[in-house]
Amino acid sequence: MQPSPPAVANDRRLEALFLHREIEEFNNAYAAALDDNRLTDWAEMFTDDAFYVIISRENADRGMPVGLIYCENKGMIYDRAFAHEKTEMFAPRYLRHIIGNTQILGEEANGDIRARANYVVVQVLYDRPEAKLHQVGVYHDKFRRVGDQLKLAERRCVYDNLLVDNALCLPV
Amino acid sequence: MMLRNADMTQDYVWPNDDLTVIPDWVYTDQAVYEREIERIFHGHTWNYVALEAEVPNPGDFIRSNVGPTAVVVARAADGTINVFENRCAHRASEFCRELRGNARAFICPYHQWTYDLKGNLIGIPFRRGAEGKGGMPRDFDVKQHGIRQLAVTSHRGVVFASYADDMEPLPDYLGPEVLREFEATFDGRKLKVLGHYRHSLPGNWKLYHENLKDPYHATLLHTFLVTFGLMVVGNRSLMLADKSGRHGVMASAKSDAKKLSGDAKKEMLAFKEGLTLREKRFMNFIEEFDSPWSVTMATIWPNLIVQREMNTLGVRQIVPDGPHEFVMKWTMFGFEGDDEEMTRHRLRQGNLMGPAGYLGLEDNEAIKFVQDGMRRVPNGTHLVKLDPESPQGTADTLISESAIRAMYRHWREAMGL
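Protein chains in written order, with my numbering: chain A, 1 to 172; chain B, 1 to 417.
Keep in mind that the hints are not guaranteed to be accurate.
Partial chain A-side listing against chain B, Cβ under 10 Å, derived [what the hints assert, rightly or not]:
#1 P3
#2 P6
#3 T40
#4 S56
#5 V66
#6 L95
#7 L163
#8 V164
#9 L170
Calculated Cβ distances over 12 Å to all of chain A for the following chain B residues [as the list claims (entries may be wrong)]:
#10 K118
#11 L121
#12 G132
#13 R148
#14 Y163
#15 E183
#16 F186
#17 G229
#18 L238
#19 K265
#20 A356
#21 G360
#22 D372
#23 H382
Worth flagging that the hints you see were computed from the coordinates, not collected in a lab.
For glycine and all other residues, C-beta sits at the position ideal for the given N, C-alpha and C.
Could you build the full structure based on these sequences and the hints that come with them?
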């Protein structure tokens, strides 16, 4: 029989497990908010100083900053949410966000948690039979505890399909 | 090569000669599309291919297109920029697959035929055969078998190519008025590329030109333009068409939307009273150009849009792919010497643009709707009758389609249709 590991190491592993689970739950709630078109709820998942960008892998790999959506703070994320809900003209559609392969990568000096996860966004237009893979990419994240909640201090969505199919009408 | 009549699939009749009614076959017919490649993109036109800032050093190259045709834009050791087809002279393989890079030569991966940075054929493996057998014919002349090289010109850091070898200089091609707006944006400062957008669009490529020769839509479709006074009835504005009708510039001077008349507001569903942004800096216009206009959208025939929307700047390249589809490649830029805050301002304002932009996504959707409408009702026509006082050409009202009619006057001449 193997000796059981010391309690301290067990605590650390449990802590990591809880955090991993917590971030997965966060991402599930994030996907649900977007899939249900609750964009104000989506905006609430960010810290006030959050950075949110959807950037092509082509640009990201070369250190070029241009993003499909580029928000430097929660105000800009709210403006996006409001515009997509209330003012933007686009054909009605359903979206489905699938988030997986979550990894915790480490901790920043300020305590923010670095993580990543793969994502796919599937889009259905009302007049087409197919559900199309609209975007596939990776989230590069920084999570922060605010009160008893996790919030995103940074989400950089780096997408692989460089050629966007017509328009990206909702956030990812 | 002329298309023979037998290649055409129907009678290409215009409902009338004043161009106020456009037949749908202009946008949906395969034979018309193929003639456009020959007579427009491969014809007597300057086609945008790159910014010089994308190929600053010898050996730098990017993949680009002239019409649907893939080309390579490369800077040679002597500093010249060269444009040649991305198609091996041997078996037609599209040999350059990287979006960009730096190379000493291009080697086709299939049989390793090798080309220099100008597209000249410089190497053929086993040209004389092996062990005395095989190989190319003795009289094979490599000089006769380079890649098809295009004429190249560059103006203020913007590179154009042409299949025609008798093109007039670019300033003459643009004409003085469009040149003036071109040079207001490309004002001599060195460009700094900030990144790209790429998207497909399921519509005919000409609809993109028309959208930017149609100031009427700008005042109706786009809440952001209207509500924040970027382009709205009552602004000082101009829809310029050059003498030939092929190029245009939509221009507007930003105004205070609060001063709009009540009547104008009632006409515009897109006007949202009381809409405010949490990010107040978003709509700031930092004056930096020698121009009366805060917004200009230049349509340079046949494949370039120059976007100067306040401080977000970009060029958009149209790559047609059949009558029902095209690809857009956007290159967003600022200038060398922009400080970090100015770059961030351009990036923040860039939320207006691209396939997720507050304006960009609406345009892409609207153009798709038009193509859907044409595809699903055969033999239709549609109207561009606004502003009969300006039959074809420049208009000083936003409620006008005269620049679209001017474009079709040119298109009909070029196409012989």
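Hints and how they fare:
no.	hint	result
1	P3	violated (55 Å)
2	P6	violated (49 Å)
3	T40	violated (12 Å)
4	S56	holds (7 Å)
5	V66	holds (3 Å)
6	L95	violated (13 Å)
7	L163	holds (5 Å)
8	V164	holds (4 Å)
9	L170	holds (9 Å)
10	K118	holds (26 Å)
11	L121	holds (31 Å)
12	G132	holds (49 Å)
13	R148	holds (26 Å)
14	Y163	holds (25 Å)
15	E183	holds (24 Å)
16	F186	holds (19 Å)
17	G229	holds (15 Å)
18	L238	holds (25 Å)
19	K265	holds (15 Å)
20	A356	violated (4 Å)
21	G360	violated (7 Å)
22	D372	violated (8 Å)
23	H382	holds (19 Å)
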